[in-house]
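> The listed protein sequences derive, respectively, from chains A and B.
Under numbering that gives the first Met the number 0, the first sequence is numbered contiguously, ending at residue 310.
Under numbering that gives the first Met the number 0, the second sequence is numbered contiguously, ending at residue 482.
Hints are computed from structural coordinates only; laboratory data are not their basis.
Here the structure is a predicted model, which is why all the values come from computation and not from measurement.
Idealized CB from N, CA, C, for every residue including glycine.
Keep in mind that a hint or two might mislead.
[As the list claims (entries may be wrong)] Here are some chain B residues pointing at chain A (derived, C-beta under 7 Å):
{"#": "1", "residue": "R47"}
{"#": "2", "residue": "G49"}
{"#": "3", "residue": "Q223"}
{"#": "4", "residue": "A232"}
{"#": "5", "residue": "A235"}
{"#": "6", "residue": "E236"}
{"#": "7", "residue": "D241"}
{"#": "8", "residue": "L242"}
{"#": "9", "residue": "D247"}
{"#": "10", "residue": "R258"}
{"#": "11", "residue": "T259"}
{"#": "12", "residue": "T260"}
Each chain is listed here by its residues.
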Amino acid sequence: MLARAADNIFWMARTVERAEHIARLMEVSMRSAMLPAQGGNGGRLSDWETPLYMTGQVDDFFSRYEKVTEGRVLSYMILDKHNPSSIRSALGAARENARAVRHLLTSELWEILNRTWLDTADMTWNDVTRIGVPQHLEWVRFRSHLFRGALFGSQRRAEGFHIAGFGMAVERADNTARLLRAKWDSLQGDATVRAPDFYRAGVLLETLSAYKAYRETFSAQLEPRRIAELLIQRPDVPRSLAFCVREMDVMLRAMDPDSPLLGDLGALSRRLEGVQMVDLVRVGLHRFLDEIIAEVGRLSDRMRAHYLMVV
Amino acid sequence: MAKAKPFDEMHGGGDIRHPYRRYGAWLHSIDVEELERRHKAADLLFRRLGITFNVYGSDGGVERLIPFDIVPRILSSDEWSIVSRGVIQRVTALNAFLDDVYNDQDILRAGIVPASLILTNAAFRPEMLGMRVPEGAYAHVAGVDVVRVDPETFYVLEDNARTPSGVSYMLENRQIMMRLFPDLFAQHCVAPVDHYPELLLDTLRSVAPRGVDDPCVVLLTPGQFNSAYFEHAFLAEQMGIDLVEGQDLFVDDATVFMRTTRGPKRVDVIYRRIDDDFIDPLAFNPTSMLGVPGLLAAYRLGRVSVCNAIGGGVADDKAVYTYMPDIIRFYTGQEPILKNVPTWCLSKPDDLAYVLEHLHELVVKEVHGSGGYGMLVGPAATKAEIEDFRLKIKANPALFIAQPTLALSTCPTYVEGGIAPRHVDLRPFVLSGRKTVVVPGGLTRVAMRKGSLVVNSSQGGGTKDTWVLESGILEGGHAGTRG
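Please work from the sequences and hints to get the whole structure.
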């Protein structure tokens, strides 16, 4: 396959996944904001500052707005044309990348992305509030599900499919790691009481479609340590890091059984398996997740250098 | 000439004309609301499928839909026979002409076409001299624009021998019509066009460099901001070939390669949708970012085939156009089947004087223009527009040609609130490789504004599905009902 076309497919898949992630991030923020404020706040970021830091848009946001409010962050992250991390920008990028390779996609796949974009492109904040913000976010999530369904249900199992699958897994691993990292402290609950914040934990799991998985796996109360285990180590939970890394391995192996990247992937996978949650929780999860995020980024770069950007 | 009531292809002569008989009955049986419903359904389909073109200039490139008209343009097999034989004859002569001017130059020596007109032409490429291209094919894909003025008379307006576009609309229009009006296709025996991509691929493969059995064919596009990008992607998909940009190709050791996920892969045939000027920065426009450095050298060595051939533009030049009847006679020994529109070359003083006096009744075009840009339609222009144009002509007469305003035929067309006649033309797509062939039909373009003669999509023109009825029982209906 043409290297440039492969790169388009890679980014098409990543940006759809990203749009879904931003929708989930907004959902978790909205629902967390509805919970009573935590005592003292302890210098932590508010529920509405977190998304800006997570997507690296905090400077851009403050260059245009003075204060963080729920409405501003929502419209900025959902619709803003100038915010490269907004849902609208992600869906636009997905559609543009798809348009460049539409001849390589099944018509279903192309039509889903094209229609999603056409439905979003001219949307105003009034339109979104009329539909309802939660309803709109749910729609974005469902469009992403539909995209994935069409990808798995109609696209030939050839290089293009495997590159899309790899891109999706890379993006999701990055997103899950960042979300867990950003929300970790808030799960610890009130520092004085040292009791976990069940509600925030529940919201986090639900937005990652992992609440049921938690109950089925542990049938126990929500505990930060177990949440971390679920989202880092459980290969059967579709948004966990272990799942994403396994998916990257499956896709890469199918595409190129002799890929030089398989070694790095194996190392990452062993790293996730081998870590002891008790130790992690004690010394703090942040550093570990930072390293994982960096490693996933390196893998993505190596993939692109090796297969996608021959220039 | 323009004042006479134009020939209507459905109603011309009073009764409904033969090819439209069944369709006409159906059209009368259906109410306007139903037509409007189907018109909207067609629009929605085009938008959903992303069948769009990009408009230059406005806002740096906006995607638009070409207006699609749900009323088909219908030709009988006899009518099509005239058009198809005519365009094949013409393109055969064009290829022979190009082979000649780049090699023996018999036609120049015979004084049929002035040598200066060819050798100093901007589209003439001296780099092509002495090169024998596979199968003697230069204009592998030609879009010959045909208009009609009465039941028997067809004129050729332009021979597009460079990179004609529009064939994807011919194919998609048919798909949409079959989705919207399955009942009509059951009643009519419409000749299929869907095999065009297959014929195109056959044509491209047939001109591969000698010794290459299983050629790697690619489509070279300027990229997704080009106005015809949809078509490029569509054709690549239909043919199952790679859609490449200049940056995806490179030349090494006089061989063209594309960059793939598994390293370089050799390319044998390039169906290019980029103009000559931009195709190789080493040979032509040095600032081109779209082309492939070194491509011309590999081409000249016969290591890769380029379709359409470089330098083919000299054959569809509007000044060369005036010599087409003689060119056809010279190479085929036959009389032209399709007429040439009488044309005044403003480089000739007599022609210039006549045209300047009759601007209000003529169409004036730039010799190198295309897409309906930079032209004057005298009868439709204001006094001021005519005077502006007069100054442009006087500044450099050789840049222009003029033609009488033809009363283009009209076809019934769905417009706001009903059906009305609108002017149409027809662009059949002729393929030349080992053989020269044309699929039955083409792109019918329609001027959506009342009275307008400009059908170009860049000027608000629309398209119609073009039906060529196959001869047989279905076309005329039962013997007893034949009108």
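> Run every hint past the structure and note whether it holds.
Each hint, compared with the structure:
1. Taken as an interface hint, R47/B checks out: its beta carbon lies about 6 Å from the nearest beta carbon of chain A, inside 7 Å.
2. Annotation: interface hint on G49/B holds; nearest CB of chain A at approximately 5 Å, less than 7 Å.
3. A least Cβ separation of about 5 Å between Q223/B and chain A falls short of the 7 Å threshold, and the interface hint therefore holds.
4. Annotation: A232/B was flagged as interfacial toward chain A, and the flag holds, the nearest CB pair being 4 Å apart, inside 7 Å.
5. The criterion of a C-beta within 7 Å of any C-beta in chain A is met by A235/B, whose closest approach is roughly 5 Å, and the hint holds.
6. The interface hint given for E236/B holds, since its Cβ lies 3 Å from the closest Cβ of chain A, which is under the 7 Å cut-off.
7. For D241/B, the suggested interface contact is upheld, since its CB lies about 5 Å from the closest CB of chain A, less than 7 Å.
8. A cut of 7 Å between beta carbons decides the hint on L242/B: the least distance to chain A is about 6 Å, and the hint holds.
9. Interface hint at D247/B: satisfied, since its Cβ lies 5 Å from the closest Cβ of chain A, which is below the 7 Å cut-off.
10. Given hint, R258/B at the interface with chain A, holds; its Cβ is 4 Å from that chain's nearest Cβ, closer than 7 Å.
11. For the restraint placing T259/B at the interface with chain A, the shortest Cβ-Cβ distance is roughly 6 Å, inside the 7 Å limit, so the hint holds.
12. At its closest, the beta carbon of T260/B sits 4 Å from a beta carbon of chain A; the interface hint therefore holds under the 7 Å criterion.
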